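For the sequence shown, counting from 1, position 29 maps to 20 in the working numbering; every step adds exactly one.
Source of the hints: derived by calculation from the structure; they are not laboratory data.
Small disclaimer: the values here were computed from a predicted structure and weren't measured.
Among the clues, some could well be false.
[To be verified] No more than 20 Å apart at the CA atoms, straight line, and that leaves these computed lysine to any residue pairs for SDA-like:
hint, residue 1, residue 2
1, K16, I3
2, K16, S26
3, K16, I(-1)
4, K16, M29
5, K16, Y36
6, K16, A27
7, K16, D(-6)
8, K16, H2
9, K16, A4
10, K16, T5
11, K16, L41
12, K16, R43
13, K16, A0
14, K16, G32
15, K16, V30
16, K16, R42
17, K16, E40
18, K16, M6
19, K16, G(-7)
20, K16, E28
21, K16, M31
22, K16, E38
23, K16, I33
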Amino acid sequence: MGDSIEAIAGHIATMETRQLHQLLKSLPSRSEIASAEMVMGILVYREVELRRRRGTGGNVLPFPGLGTPPIQH
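Could you put the whole structure together from the sequences, leaning on the hints where they help?
Here is the structure:
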């Protein structure tokens, strides 16, 4: 399942922001905990927020395991 989530997150990262907003609108506003819709919504919302914060110079850490190295302390 983790590989599938990473593949979806990778695809979402390649989408245009307009497409992400459309996808987010098409997902249910309330979904069952741990459902595919919930996971997709979280991934899309997170990508939208990452882009928004990058555009304003915000500091957002990437989600561990999605092609990013672990944070070293």
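For each hint, the structure was consulted:
1. K16 - I3: holds, 15 Å
2. K16 - S26: holds, 17 Å
3. K16 - I(-1): holds, 17 Å
4. K16 - M29: OK: K16 and M29 at ~13 Å, within 20 Å.
5. K16 - Y36: Given pair K16, Y36 holds - Cα atoms ~10 Å apart, limit 20 Å.
6. K16 - A27: It holds: about 15 Å lies between the C-alpha atoms, which stays within 20 Å.
7. K16 - D(-6): violated, 25 Å
8. K16 - H2: Distance ~18 Å between K16 and H2 Cα, so the pair holds.
9. K16 - A4: holds, 17 Å
10. K16 - T5: The hint holds at about 18 Å.
11. K16 - L41: Roughly 18 Å separates the two Cα atoms, so the pair holds.
12. K16 - R43: holds, 17 Å
13. K16 - A0: Distance ~17 Å between K16 and A0 Cα, so the pair holds.
14. K16 - G32: Within the cut-off at roughly 9 Å; holds.
15. K16 - V30: Status holds; Cα separation ~15 Å.
16. K16 - R42: Holds. K16 to R42 sits at ~17 Å (cutoff 20 Å).
17. K16 - E40: holds, 15 Å
18. K16 - M6: holds, 15 Å
19. K16 - G(-7): Roughly 25 Å between the alpha carbons, so the hint for K16 and G(-7) is violated.
20. K16 - E28: This hinted pair holds, its Cα atoms lying about 12 Å apart.
21. K16 - M31: holds, 12 Å
22. K16 - E38: It holds: about 14 Å lies between the C-alpha atoms, which stays within 20 Å.
23. K16 - I33: Within the cut-off at roughly 13 Å; holds.
The earlier numbered hints that this structure contradicts are 7 and 19.
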